[in-house]
Each structure stands twice: as structure tokens, then as C-alpha cells.
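Undergrad: Residue numbers (the numbering used here): 425 to 850.
Keep in mind that the hints were calculated from the coordinates and are not lab data.
Incorrect hints may appear among the rest.
[Unchecked claim] With a straight-line Cα cutoff of 20 Å, these simulated PhoX-like cross-link-like pairs (lysine-lysine) come out:
hint : residue 1 : residue 2
1    : Lys593    : Lys532
2    : Lys607    : Lys532
3    : Lys532    : Lys650
Note that the structure is a prediction, hence the values are computed from the model and not measured.
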Amino acid sequence: MKPIITGTGLWLLFLFFLPACEKPKSIGADIIPSEDLLSVQFTDTMEVEIESRISDSIRTDEEPINMFGNLIDPEFGRIRTSTFTNFKLAGSNLFLGDSLSLDSIVLKLELTGFYGNYSDVQQLEVLELDEKPIRENAYYNTDSLACKSTNLIHASRTSLKFNSDSEFKQTLTLRLSDALGLKILNATASELQNNENFNEFFKGLYLSTKPIAQTSREPGAVYYFKPEGTISGLYLYYNGKIGGVYSDTLSYRFQINEDAARFSKIERSDIQGRLIEQVGASPSLNPYLLLQAGIPVSLFVKFPNLHNLFPVAVNRAELEIPILTEFMGADAKYQAPTIIQGKVSDVNGVSSETGFTSAIYDVDNKMYKVAVSSYSQQMINNPSLNYGFYLTSLNSSTNINRVVMGSRNHPTRKPRLLISYTSIPK
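Can you make the complete structure from the sequences, with help from the hints?
TA: Structural data, given as C-alpha cells:
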């Protein structure tokens, strides 16, 4: 059987023999007929079909970051986030002591950041769970668990600002109701024997803030915290005897460790008259593209005419999607997702789990630049597989970052596909 040299193989052979074409050019310059010479070409006029699509849900359980808080986004609607979590004993057969009396019970959270206006006061809400989260279960941003109705926040801490002077707080310390502290302090030996018994006795907490009012155009914020941090946990402070010796400075930390079941709930409402309401409606006319983590809004992209370039070898292909900075809010508080990732669509239009590329936000040029060289070459060679692809925010379940971009209908900031390629003789 004779070997077959494909277009890619021919291009590699060309690169191998390229040094022979360098100076001196007076010798052998006409050995290859001029009509057979390979040429590098460029185009930025290929059609780009792109639109925003809202996903049903995203899995949020056991992530390294959880969320709580409320904000009203002028373009993406009212967003409320909350966390459901249980707590774990550090070991087994916990013995708190004898002749016990409560000092306080405190919830501490290691804050890692925020989205929105952190200087706005929010009304905190902490409820005891009536339904136990299960570590082995999958939980999504649309899931919820039954809770008791009493807010456990101590009367002295119902309202809270998340800044000290001009600095964002690194730790949130919330004194909870003495009723919860007494419940745990008076637990039986069986209820403190192991984590299985303890989580049946005390199923965990729900943490959020109450809905905020529209006091300005951009009120409120969502807060991120690290559940497995060295600070996060439920702290019981009490007095009692250990080994017959009285102490008034006893304490115990119930951890949110890797075995703790937890997830974030993320809700959207109040979308009337906002840009998010336009997603899915007349994409061929909409001048805007929207993308958001948390409550997933993704981009669906297709290059319908790539096959017209065949046969070529793609040297470089890059999709540019310009960001519209006028929608980033006052002081650019609504930062775009730092990295977006691509997933190839299948014949049914469903995104596969295999990521094929990623893009980093080009801060200087205010755009995403998505490397699609390999993908473009595959679609040129195999047009029957050109079902498009999705772009989503990386780590979408641990933040709510969002961005507004220009669509193909925008007057000045349209997406472009830039392709540098080498023609291959047919």
C-alpha cells in the first residue's frame, strides 16, 4: 500500500525543507514552480454565530468556597445566595465536662471576598436545619432544605456592615442565640458519641441575609467564605469542671471540614426590564451577550462557514469577544469572570464534559481572547461535526461574577474570529 500524505503531513514536510529556501536565492530559486508555493493568509471576516443561554442549574456541593448575601444587579436582577451546612466533631465520644453553664455560642466564617457593594448594611439570617444534608448526595444551586423558623442571630448582631472603616473584614463573627448553645451544651453522651449521632441531633445551619431594598441603583453584595479554613466553625464557650477542676474559659470548635455536607443556593428574581430578560429572545437582533457564574448564563458559539477554507493548515485561530465596560457598575464593582472555558457541543446541542480551551480576560483591551486553533482545524476537516461549543465561567459554582459583551449585532464591539492559515494545494 502506498503511503498517503495528508494536508498536515505536507505542511510538516514544507517546514522541514524550509531552510533550503533561504539565502543565497540566486541558486535554485525556480526549482519549485511559483504556482505551487505555499502562502500564509489571514482572515477576520468569517461568520461568528454567538448567543447567550441560561442553564437550568449547577452543582454547588462540597466546593472550597461557599456564598451568602443579597444584591440587586441593575442588569442581571435580584440575586440571593445562601449556604446550608452541617458541623463535625473533631473526634468521637466528646465530653464537654461537668456542672456546665453557657457563656456564648459563636459562628465564625473566614471571608475570602465579595461581589457588589460591601459597605451596605445587611440583615443577617441564621436558621437551624430541620433536614440533614447528606455528604454523598449531589446538591445544586436550586436545591433547598427544610429549616426552623427562628432566626438564631443574637439580638445584638441582626444588622452588620462587612467593613471596618474602609477595609473589608477578613473574619465574620456572629453570636448566636443562647438557646442553640444550651441545646448543644446539654446534649447526651450518645448524641456526642460520633458524627452520625451528632448530625441527627443537630442537623446544621442555614446562613443568608434577608432581601435588601432598592435604596440605590446597585445595593448589596454577595460574600464568599472558606468553610474549611482555619477559622470557620461553630464555637461553644462555656464554664464547667474537667477532671474535677473548675474553669470559666472552656471552649469547643465544631468544624466544617472535608466530611461536612454543605452547598450553596443561588436564586435570581426581579428580572423585568433588565438585560437578563432578553436572553433567549431574538438573539439575531440582541446587541448584547451576557455571561454569569453561579446562576449559569453561558455563551453558545458556532463558526458555520469554516469548511469553506478547506484545504488549509491553521496556524492560529482566536475568537475575540469585546466587553462593554459601561455595564461594569460604579467603580467597576461588577468584575468579569477571570477565566472562561470551552466545551464542545454534541449533535443534540448539549455541552460535553470535555473542555477544549480556555480564555483569560485581556484587561488592557477589555475583551476575552479564546484560542480555537485546534478546534477550527478539526471543524474545517470534519464539517459534519461542527455543532458549535459553549463558553462558561470557570469555577462557576463558587462565585457570581458576570459580564456584558457586544454581540454580532452591536454597532462597534462585535466578536471576531481571526484566523492565520496556510493554503494547501488541492
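Undergrad: The structure should be examined with respect to each hint, and the outcome stated for every one.
TA: Do the hints match the structure? See the list:
Annotation: proposed proximity of Lys593 to Lys532 holds, straight-line Cα distance about 12 Å (limit 20 Å). Proposed proximity of Lys607 and Lys532 is supported: the alpha carbons are some 19 Å apart, at most 20 Å. A threshold of 20 Å between alpha carbons decides the hint, and for Lys532 with Lys650 the separation of about 11 Å falls inside it, so the pair holds.
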